[in-house]
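**Q** Chain residues, written in single-letter form:
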Amino acid sequence: MRVVVILGRVLDPGGITVNRRVGRIFINREKYILQPADRCALEAALRIKDSADCSNPTDAEVIALPRGPLPDDDVLRQALATGADRAVYLVGSPAQADDAVMARVLAATVEQLGGADLVLTGATTLDTGQSQLGPRLAEALGWPQIVDAWAVRAAGERVEVVCQNKTGYVIHDADLPAVVTVTPGSLKPRYPDGVRLVNVYKGVGEIAAALEQWEVADLVDAEFLKPLLEQRGRDFPPMRERGARASGTVDEMAQAAADALYRRVSR
Amino acid sequence: MDFTFSPEHVALRRMIREFAENEMAPLAMELDREKRVPFETLKKMAKIGLLGVCFPQEYGGMGAGETGYCILMEELGRVCTSTAVNVGTHIGIGATVIYLDGNEAQRKKYLTPLARGEKIGAFVLTESDAGSDAAAIRTRAVRDGDHWILNGTKTFNTNGSYADILTAMAVTDPTLGARGGITAFIIESDMPGFTVGTHENKMGILGSATAELVFEDMRVPHENVLGKVGEGFISFMKTLDMGRLTLSAAALGGAEMALEMAVRWAKTRKQFGVELAHKQSVQWMIADMATEIEALRSLIYRVAWMVDTGQPFSQLAAMCKVYGSEIASRAIDMALQIHGGLGFTRDFPIERAFRDARISEIFEGTSEIQRFVIASNIFREHGVRIRP
Chain A
1 MRVVVILGRV LDPGGITVNR RVGRIFINRE KYILQPADRC ALEAALRIKD
51 SADCSNPTDA EVIALPRGPL PDDDVLRQAL ATGADRAVYL VGSPAQADDA
101 VMARVLAATV EQLGGADLVL TGATTLDTGQ SQLGPRLAEA LGWPQIVDAW
151 AVRAAGERVE VVCQNKTGYV IHDADLPAVV TVTPGSLKPR YPDGVRLVNV
201 YKGVGEIAAA LEQWEVADLV DAEFLKPLLE QRGRDFPPMR ERGARASGTV
251 DEMAQAAADA LYRRVSR
Chain H
268 MDFTFSPEHV ALRRMIREFA ENEMAPLAME LDREKRVPFE TLKKMAKIGL
318 LGVCFPQEYG GMGAGETGYC ILMEELGRVC TSTAVNVGTH IGIGATVIYL
368 DGNEAQRKKY LTPLARGEKI GAFVLTESDA GSDAAAIRTR AVRDGDHWIL
418 NGTKTFNTNG SYADILTAMA VTDPTLGARG GITAFIIESD MPGFTVGTHE
468 NKMGILGSAT AELVFEDMRV PHENVLGKVG EGFISFMKTL DMGRLTLSAA
518 ALGGAEMALE MAVRWAKTRK QFGVELAHKQ SVQWMIADMA TEIEALRSLI
568 YRVAWMVDTG QPFSQLAAMC KVYGSEIASR AIDMALQIHG GLGFTRDFPI
618 ERAFRDARIS EIFEGTSEIQ RFVIASNIFR EHGVRIRP
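Chains as they are written, first to last, in my numbering: chain A, 1 to 267; chain H, 268 to 655.
Keep in mind that the hints are not guaranteed to be accurate.
[Stated by the list, open to error] What follows is a set of in silico ranges between Cβ atoms, one per label pair, in the way DEER data are often shown:
(1) D72(A) x D555(H): 29 to 39 Å
(2) A642(H) x G15(A): 38 to 48 Å
(3) K166(A) x D555(H): 16 to 26 Å
(4) G129(A) x G608(H): 42 to 52 Å
(5) D59(A) x K310(H): 23 to 33 Å
(6) Q96(A) x R569(H): 42 to 52 Å
(7) P238(A) x T576(H): 54 to 64 Å
(8) T558(H) x T128(A): 34 to 44 Å
(9) V18(A) x R284(H): 22 to 32 Å
(10) W551(H) x G205(A): 44 to 54 Å
(11) G205(A) x T576(H): 14 to 24 Å
(12) T576(H) x R264(A): 53 to 63 Å
(13) W551(H) x R264(A): 11 to 21 Å
(14) I25(A) x T633(H): 48 to 58 Å
[What the hints assert, rightly or not] For lysine to aspartate or glutamate, the following EDC-like pairs were computed, each having C-alpha atoms within a straight-line distance of at most 16 Å:
(15) K310(H) x E325(H)
(16) K188(A) x E288(H)
(17) K314(H) x E290(H)
(18) K188(A) x E290(H)
(19) K314(H) x D193(A)
(20) K31(A) x D72(A)
(21) K31(A) x E618(H)
(22) K310(H) x E385(H)
(23) K49(A) x D74(A)
(24) K188(A) x E285(H)
(25) K311(H) x D193(A)
(26) K375(H) x E455(H)
(27) K495(H) x E371(H)
(28) K202(A) x D59(A)
(29) K495(H) x D413(H)
(30) K202(A) x D72(A)
(31) K49(A) x D59(A)
(32) K376(H) x E288(H)
(33) K31(A) x D74(A)
(34) K310(H) x D59(A)
(35) K376(H) x E490(H)
It is worth saying that the hints were derived from the structure and are not from the lab. Idealized CB from N, CA, C, for every residue including glycine.
Bound conformation, chain A alone:
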């Protein structure tokens, strides 16, 4: 079983202040974290590797790839430290590469790797709220896709995915190979292993050699690297609505809260 997991980074929300009045985001501390949803995808991949569902756990391999153009390979090193077996850093992705471009680049990378059984990535990004990478990649590879997974089990020729709908949880399954996107907050990610972490960042030992560098130019022709998206400006989402104050008896207030929640969920 070969699982590819696609990871990106995002500015730590704890280090920024949003000022609506002047319409700017102030970066107080420039610190990056793994995209939370991607981190859950990595955890899902490592759980598949750990699980006995795989016919032979030693055959399971987790390969980390970058979600977008990255200035450094830190997210891939984090993945290796946490338990990924290999990582490929893509050099030369255009700085403006959007999900459409990255889907082509990543599809070519997966083919170059010699295929995979399962591709996992985050269902959405924390900063831009994009959810397109998984579906576009599935399209580019011609594989089935399942989005917003809460848990992923892969065995034999099938992948089984727990998703949430309005009333509860449902299980979807698909033939392998497939693309599955994982919901942020769905799985508690594990911590990196100390020894792997030191070796992978120091660049010593076997694990450090597991980080490869590939040129994007070798994978995709330049004409396919033109982004679909164009940034024309920046705006803030509308202010959140004010809450309402419930009154009456406890039962009435509880009913009002339940109605409001139901309206919110079914909106």
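Starting from the structure of chain A, add chain H where the hints point.
**A** Positioned in the frame of chain A, the structure of chain H alone reads:
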């Protein structure tokens, strides 16, 4: 001169901070209230290699060096002093003494399980009549063929009640005194004659256990002599130098936490119509705390770098300990003052930090002993030998 942390140390700090905030911070208040040792946290730390952070990978450690260990202690000190003390005793003195002076067989047999966190370590020194004056110990070890027979009572042993591997100092030749007459022994807690006595009822660090240990005709094999017979005192003093540095890193963490809490409170608390942040009296306290913390951080990581590069650091470690413990107490005191009456309640972590910080000025050498170490080094350079 390069003051930047290496990439592995940056990544290590990120990992430890996340661990501390997710796994330790929610427990800190409960440990203090219930006077409970966080074994579950220690197990989780062992799993990711944190209990052997500074030891080479060949002995089951992580290989992050003394700098990595200081990072660990700083981050643990930020959220829970009790856990930092448990870990500091286990790594900083309990396992370090075996790493420094153990032979290859002892390192393989005892250091490896300690570094992997499979066993817990402790360091057994103090006696009721031998605290600062460590050479005045009375625990006796008498040779009997291939064994030594130990008799005596040790006090104030952190981790002592549940440690598996302990290193203790005992008198082997009363005529020779500290140099030549004291030997270090590696003890396993299941050796016959080893008993745990009373537990201390402490003011702070309530999430750590401090116990009395009694050795009664305890037979320790000769192969468990650490270093050479008669050189135990030197081993222990060398180990304490390392321990002092990392304890001050934990104190640094405590001071940082106090500063963070003070800033957060000053941003939100309003008096006389404005936030405390706009009051000069508060601004100056914050500025003083930040300045002292920065000075301490520079000192600690310079000394950690000296340890990692094999330079002598004994005097500087004493400076770290005295400066670090006093700055932490002062910073926490100021943070409590900024919090006002609420800081004095048990609902705020400042109160716990205040009680926890006090011990740093006492254990592993009181501030007075540290000042003596510093002064004796200075006078020695000028040809004067002073006595404690």
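**Q** So, for every hint listed, does it hold in this structure?
**A** Hints versus structure:
A beta carbon spacing of about 37 Å between D72(A) and D555(H) agrees with the range 29 to 39 Å that was offered as a hint. For A642(H) paired with G15(A), a C-beta distance near 44 Å keeps the hint of 38 to 48 Å intact. Between K166(A) and D555(H) the Cβ separation comes to about 56 Å, which falls outside the hinted range of 16 to 26 Å. Separated by about 44 Å at the C-beta atoms, G129(A) and G608(H) satisfy the suggested range of 42 to 52 Å.
Taking 23 to 33 Å as the suggested C-beta distance range, the pair D59(A) and K310(H) conforms, at roughly 30 Å. In this structure the supplied range 42 to 52 Å holds for Q96(A) paired with R569(H), their Cβ-Cβ distance being about 44 Å. Our hint of 54 to 64 Å for P238(A) and T576(H) holds, since their Cβ atoms are close to 57 Å apart. Restraint check, T558(H) to T128(A): a C-beta distance of roughly 40 Å satisfies the suggested window 34 to 44 Å.
Range check, V18(A) to R284(H): Cβ separation about 23 Å, and the 22 to 32 Å hint holds. At about 50 Å, the beta-carbon gap between W551(H) and G205(A) stays in the expected band of 44 to 54 Å. Between G205(A) and T576(H) the beta carbon distance is about 22 Å. The supplied range of 14 to 24 Å therefore holds. Between T576(H) and R264(A) the CB atoms are about 60 Å apart, so this pair conforms to the stated range of 53 to 63 Å.
A C-beta distance of roughly 48 Å is found between W551(H) and R264(A), which places it outside the suggested range of 11 to 21 Å. I25(A) and T633(H) have their C-beta atoms about 50 Å apart, which keeps the hinted 48 to 58 Å range intact. Distance check on the hinted pair: K310(H) and E325(H) sit about 21 Å apart at the alpha-carbon level, beyond 16 Å; violated. Our distance criterion of 16 Å between C-alpha atoms is met by K188(A) and E288(H), whose separation comes to about 14 Å.
The suggested pairing of K314(H) with E290(H) holds, with an alpha-carbon distance near 13 Å, which does not exceed 16 Å. At roughly 12 Å between alpha-carbon atoms, K188(A) and E290(H) fall within 16 Å of each other, so this suggested pair holds. The straight-line distance between the Cα atoms of K314(H) and D193(A) is roughly 8 Å, inside the 16 Å bound, and the hint therefore holds. Our distance criterion of 16 Å between C-alpha atoms is met by K31(A) and D72(A), whose separation comes to about 13 Å.
Taken as a hint, the K31(A) and E618(H) pair is broken in the structure, with Cα atoms around 31 Å apart against an allowance of 16 Å. A threshold of 16 Å between alpha carbons decides the hint, and for K310(H) with E385(H) the separation of about 8 Å falls inside it, so the pair holds. Distance check on the hinted pair: K49(A) and D74(A) sit about 22 Å apart at the alpha-carbon level, beyond 16 Å; violated. The straight-line distance between the Cα atoms of K188(A) and E285(H) is roughly 12 Å, inside the 16 Å bound, and the hint therefore holds.
Taken as a hint, the K311(H) and D193(A) pair is honoured in the structure, with Cα atoms around 11 Å apart against an allowance of 16 Å. Restraint check for K375(H) and E455(H): satisfied, since their Cα atoms lie roughly 15 Å apart, inside the 16 Å limit. Restraint check for K495(H) and E371(H): satisfied, since their Cα atoms lie roughly 14 Å apart, inside the 16 Å limit. For the hint pairing K202(A) with D59(A), the CA-to-CA distance comes to about 27 Å; that exceeds 16 Å, so the pair is violated.
At roughly 15 Å between alpha-carbon atoms, K495(H) and D413(H) fall within 16 Å of each other, so this suggested pair holds. In summary, the hint linking K202(A) to D72(A) is supported, as the alpha carbons are separated by about 15 Å, within the 16 Å threshold. Using a Cα cut-off of 16 Å, the hinted pair K49(A) and D59(A) holds, with the two alpha carbons roughly 9 Å apart. For the hint linking K376(H) to E288(H), the alpha-carbon distance of about 33 Å lies beyond 16 Å, and the restraint is violated.
Distance check on the hinted pair: K31(A) and D74(A) sit about 12 Å apart at the alpha-carbon level, within 16 Å; holds. Between K310(H) and D59(A), the direct Cα distance comes to roughly 29 Å. Violation of the 16 Å bound is thereby established for this hinted pair. With a C-alpha separation of about 11 Å, the suggested pair K376(H) and E490(H) falls inside the 16 Å cut-off, and the hint holds.
Consistency with the previously given hints fails for numbers 3, 13, 15, 21, 23, 28, 32 and 34, ordered from lowest to highest.
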